[in-house]
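Colleague: Sequence lines, in order, name chains R and V.
Under my numbering, the first sequence has 287 at position 200, and the numbering climbs by one with no breaks.
Under my numbering, the second sequence has 130 at position 43, and the numbering climbs by one with no breaks.
Keep in mind that a hint or two might mislead.
[Stated by the list, open to error] Computed cross-link-like contacts, SDA-like style, restricted to lysine to any residue with a CA-CA straight-line distance of at most 25 angstroms: (1) R:K105 to V:V228; (2) R:K105 to V:V256; (3) R:K105 to V:T110; (4) V:K105 to R:V256; (5) V:K105 to R:S98; (6) R:K336 to V:T110; (7) V:K105 to R:V135; (8) V:K168 to V:E129; (9) R:K282 to R:D313; (10) R:K348 to R:V256; (11) R:K105 to V:P252; (12) V:K105 to V:A130; (13) V:K316 to V:P278; (14) R:K105 to R:G150; (15) V:K234 to V:Y275; (16) R:K105 to V:I255; (17) V:K336 to V:R247; (18) V:K336 to R:P185; (19) R:K234 to R:L269; (20) R:K234 to R:E199; (21) R:K105 to V:R134; (22) R:K316 to R:D165; (23) R:K105 to V:D136.
[Claimed, not checked] Which chain V residues stay away from chain R? Per the calculated CB distances, all over 12 angstroms, these: (24) E163; (25) E233; (26) V246; (27) D263.
[Claimed, not checked] Per the computed footprint, the stretches of chain V lying under chain R, defined by three or more beta-carbons under 8 angstroms from a beta-carbon of chain R, are: (28) 92-104; (29) 179-189; (30) 193-199; (31) 248-254.
Source of the hints: derived by calculation from the structure; they are not laboratory data.
Because the structure is a prediction, the values reported are computed rather than measured.
We put the CB at the ideal spot given by N, CA and C, even for glycine.
There are 2 protein chains.
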Amino acid sequence: MDTLLSAEAMSGRAAAWKREGLTIGFVPTMGFLHRGHVSLMEALRPRVDRLVVSIYVNPLQFGPKEDLGRYPRDPEGDSQKCAAVGVDALFMPENLYPSGFSTSVEVSGLTERLCGAFRPGHFEGVATVCTRLFGLTRADVAILGEKDYQQLQVVRRLVRDLALPVEIVGGELIRDEDGLALSSRNVYLSPDERKRALTLSKAMRAMASGGGDVEARLALGRSILDVDKLDYLEIVDPDTLQPATDLSKPTRAVIAAFVGKTRLLDNVAVAAV
Amino acid sequence: MDTLLSAEAMSGRAAAWKREGLTIGFVPTMGFLHRGHVSLMEALRPRVDRLVVSIYVNPLQFGPKEDLGRYPRDPEGDSQKCAAVGVDALFMPENLYPSGFSTSVEVSGLTERLCGAFRPGHFEGVATVCTRLFGLTRADVAILGEKDYQQLQVVRRLVRDLALPVEIVGGELIRDEDGLALSSRNVYLSPDERKRALTLSKAMRAMASGGGDVEARLALGRSILDVDKLDYLEIVDPDTLQPATDLSKPTRAVIAAFVGKTRLLDNVAVAAV
Numbered sequence: 088m089d090t091l092l093s094a095e096a097m098s099g100r101a102a103a104w105k106r107e108g109l110t111i112g113f114v115p116t117m118g119f120l121h122r123g124h125v126s127l128m129e130a131l132r133p134r135v136d137r138l139v140v141s142i143y144v145n146p147l148q149f150g151p152k153e154d155l156g157r158y159p160r161d162p163e164g165d166s167q168k169c170a171a172v173g174v175d176a177l178f179m180p181e182n183l184y185p186s187g188f189s190t191s192v193e194v195s196g197l198t199e200r201l202c203g204a205f206r207p208g209h210f211e212g213v214a215t216v217c218t219r220l221f222g223l224t225r226a227d228v229a230i231l232g233e234k235d236y237q238q239l240q241v242v243r244r245l246v247r248d249l250a251l252p253v254e255i256v257g258g259e260l261i262r263d264e265d266g267l268a269l270s271s272r273n274v275y276l277s278p279d280e281r282k283r284a285l286t287l288s289k290a291m292r293a294m295a296s297g298g299g300d301v302e303a304r305l306a307l308g309r310s311i312l313d314v315d316k317l318d319y320l321e322i323v324d325p326d327t328l329q330p331a332t333d334l335s336k337p338t339r340a341v342i343a344a345f346v347g348k349t350r351l352l353d354n355v356a357v358a359a360v
Numbered sequence: 088m089d090t091l092l093s094a095e096a097m098s099g100r101a102a103a104w105k106r107e108g109l110t111i112g113f114v115p116t117m118g119f120l121h122r123g124h125v126s127l128m129e130a131l132r133p134r135v136d137r138l139v140v141s142i143y144v145n146p147l148q149f150g151p152k153e154d155l156g157r158y159p160r161d162p163e164g165d166s167q168k169c170a171a172v173g174v175d176a177l178f179m180p181e182n183l184y185p186s187g188f189s190t191s192v193e194v195s196g197l198t199e200r201l202c203g204a205f206r207p208g209h210f211e212g213v214a215t216v217c218t219r220l221f222g223l224t225r226a227d228v229a230i231l232g233e234k235d236y237q238q239l240q241v242v243r244r245l246v247r248d249l250a251l252p253v254e255i256v257g258g259e260l261i262r263d264e265d266g267l268a269l270s271s272r273n274v275y276l277s278p279d280e281r282k283r284a285l286t287l288s289k290a291m292r293a294m295a296s297g298g299g300d301v302e303a304r305l306a307l308g309r310s311i312l313d314v315d316k317l318d319y320l321e322i323v324d325p326d327t328l329q330p331a332t333d334l335s336k337p338t339r340a341v342i343a344a345f346v347g348k349t350r351l352l353d354n355v356a357v358a359a360v
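Next comes chain R alone, as it looks inside the complex (with noise of 0.2 angstroms):
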């Protein structure tokens, strides 16, 4: 396995597969890598020639005031992880964007509720990143994980809408043994909060098998939490991330927030009734 360690080496190495005629499979992440990380790995390495992991910090797609500086890094575990899958190639740049960047890519409608209101430039953030990244790594084909369900489809929208050259391809989201979510945010968590961000996977596990419309499923899942600040707690359609109005059609149950000072995703699908 290469590192590479700027957007030059990083593109130069795509170029080079790309002349060979080789497919490429990529990966963005901000590191820290778990098991979530690792399916994904997983699931492209047996589709493409050549798999590309990125790992980089986007202070883009942070806040002024969210963990932008104290984000839980460790370069050389997970460095041992992408060798173990068969990674060829770990992007880790020290800085992704050149002297005088000015671009930025926004799409609109979809980033505007759930994540997007509480994250006000999140996404646009995440799309921008997202379209350098694909560029850098001249990815045909990109995997990204269901846990962040939102940028997920943001990224699908800004892909279809630019016509960039990637597929786009959405991992299954990957919990731990006592049902919590994975999130390299989990680590921190005190024991206390844990026991808490259970309620999060709880609720969502309720909310696709328990019976009722739209409105008892929230109640339900209103009813099992114990955090300490809910961002939200949707039923939406998982095209336009809308509230659902009934559950005639697969629709999805979306959750964000805090236990202690530490925010916290969790999604699930919720089959048509």
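Position chain V against the provided structure of chain R, taking the given hints into account.
Modeller: Relative to chain R, chain V alone:
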């Protein structure tokens, strides 16, 4: 030459060419082609295996009071000109954007002055359509005329910032025999307006060849102009488009002015003195 009428047809064709390992050149236009456009096609033709020209009057880059509805069109004449130059695919979509299109690309800084100050949203429309067109055509190299100098620099910047895998080439501004910079919009000019329109190229020529400092050359240019409304006349740094303070490095004289209801552009390189 094949004429492709939908985004799907274009992207399918480009993907097939890429699978064959062919290189693709691209000339984006709004049609009503003149010798300036043809010179761009001729410049790219020997460099690529397949040459694509797009004709699309992009609503995103027109303001509500601008000439979108009356922009001149000549699909049959355009098609003949493209075929004569050896274009492989003429991409003339009726609708370029998919249903629910909601993504935009914005370049800050470079777009705020000059035409950007007079045409709010214009360069966002240009940046967005170019990004989508580069994706659909899978262009390895694209050429844009230097007549729209700010546009060229904005597109160069977004390609660099987003790491789009396309090389941007600037094509020389082509003039009519009387010196008028070729533009599809010249067809709007009455005989009297055309005479006065020539004062733009006369001013450019005088500012490039005349002596004196920045202020002296600006005064010289202004003394030559006979226009109805001057949007701007400036001497700028070619990369930043900020006003030049001296002529010790190469600069660019740029102008936008209305003659009658027709907005005209011109520019010229000013050699370092």
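Colleague: Indicate, hint by hint, whether the structure satisfies it.
Modeller: To see whether the hints hold, each was checked on the structure:
1. Restraint check: the Cα-Cα separation between K105 (chain R) and V228 (chain V) comes to about 16 angstroms, which is no more than 25 angstroms; the hinted pair holds.
2. Taking the CA atoms of K105 (chain R) and V256 (chain V), the gap is about 22 angstroms. The hint holds against a cut of 25 angstroms.
3. The suggested pairing of K105 (chain R) with T110 (chain V) holds, with an alpha-carbon distance near 12 angstroms, which does not exceed 25 angstroms.
4. A distance of roughly 22 angstroms separates the Cα atoms of K105 (chain V) and V256 (chain R); the hinted pair therefore holds under the 25 angstroms criterion.
5. Between K105 (chain V) and S98 (chain R) the CA atoms are separated by roughly 18 angstroms; this keeps the pair inside 25 angstroms, and the hint holds.
6. Simply put, K336 (chain R) and T110 (chain V) have alpha-carbon atoms about 44 angstroms apart, too far for the 25 angstroms limit, and the pair is violated.
7. Between K105 (chain V) and V135 (chain R) the CA atoms are separated by roughly 17 angstroms; this keeps the pair inside 25 angstroms, and the hint holds.
8. In summary, the hint linking K168 (chain V) to E129 (chain V) is supported, as the alpha carbons are separated by about 11 angstroms, within the 25 angstroms threshold.
9. Only pairs whose Cα atoms come within 25 angstroms are accepted, and K282 (chain R) paired with D313 (chain R) is accepted, the gap being roughly 9 angstroms.
10. Between K348 (chain R) and V256 (chain R) the alpha-carbon distance is near 31 angstroms, which puts this suggested pair outside the 25 angstroms criterion.
11. Between K105 (chain R) and P252 (chain V) the CA atoms are separated by roughly 11 angstroms; this keeps the pair inside 25 angstroms, and the hint holds.
12. With a C-alpha separation of about 21 angstroms, the suggested pairing of K105 (chain V) with A130 (chain V) holds against the 25 angstroms cut-off.
13. At most 25 angstroms may separate the alpha-carbon atoms for a hinted pair to count; K316 (chain V) and P278 (chain V) meet this at roughly 18 angstroms.
14. Using a Cα cut-off of 25 angstroms, the hinted pair K105 (chain R) and G150 (chain R) is violated, with the two alpha carbons roughly 36 angstroms apart.
15. For the hint pairing K234 (chain V) with Y275 (chain V), the CA-to-CA distance comes to about 18 angstroms; that is within 25 angstroms, so the pair holds.
16. For the hint pairing K105 (chain R) with I255 (chain V), the CA-to-CA distance comes to about 19 angstroms; that is within 25 angstroms, so the pair holds.
17. Taking the CA atoms of K336 (chain V) and R247 (chain V), the gap is near 23 angstroms; set against the 25 angstroms cutoff, the hint holds.
18. A C-alpha spacing of about 23 angstroms is found between K336 (chain V) and P185 (chain R), which places the hinted pair at or below 25 angstroms, so the restraint holds.
19. About 8 angstroms separates the Cα atoms of K234 (chain R) and L269 (chain R), which keeps this hinted pair within 25 angstroms; it holds.
20. Pair hint K234 (chain R) plus E199 (chain R) holds up; C-alpha atoms about 19 angstroms apart against a cutoff of 25 angstroms.
21. Note on K105 (chain R) and R134 (chain V): the hinted pairing holds, with a Cα-Cα distance of about 19 angstroms set against a maximum of 25 angstroms.
22. At most 25 angstroms may separate the alpha-carbon atoms for a hinted pair to count; K316 (chain R) and D165 (chain R) exceed this at roughly 31 angstroms.
23. Restraint check: the Cα-Cα separation between K105 (chain R) and D136 (chain V) comes to about 17 angstroms, which is no more than 25 angstroms; the hinted pair holds.
24. Every CB of chain R is more than 12 angstroms from the CB of E163 (chain V) (nearest about 27 angstroms), matching its label as outside the interface.
25. Against chain R, the non-interface label of E233 (chain V) holds: every CB pair exceeds 12 angstroms, the least being about 21 angstroms.
26. The claim that V246 (chain V) is not at the interface with chain R is violated, since a C-beta of that chain comes within 12 angstroms of its own (minimum 9 angstroms).
27. D263 (chain V), annotated as away from the interface, keeps every beta carbon of chain R farther than 12 angstroms; the closest lies near 35 angstroms.
28. Beta-carbon proximity to chain R at under 8 angstroms applies to 3 residues in the segment 92-104 of chain V; the threshold of 3 is reached and the given coverage holds.
29. Beta-carbon proximity to chain R at under 8 angstroms applies to 5 residues in the segment 179-189 of chain V; the threshold of 3 is reached and the given coverage holds.
30. Counting residues of the segment 193-199 of chain V whose CB lies closer than 8 angstroms to any CB of chain R gives 5, which reaches the minimum of 3, so the coverage claim holds.
31. Three residues within the 8 angstroms Cβ limit are the bar, and the segment 248-254 of chain V against chain R gives 5, so the coverage statement holds.
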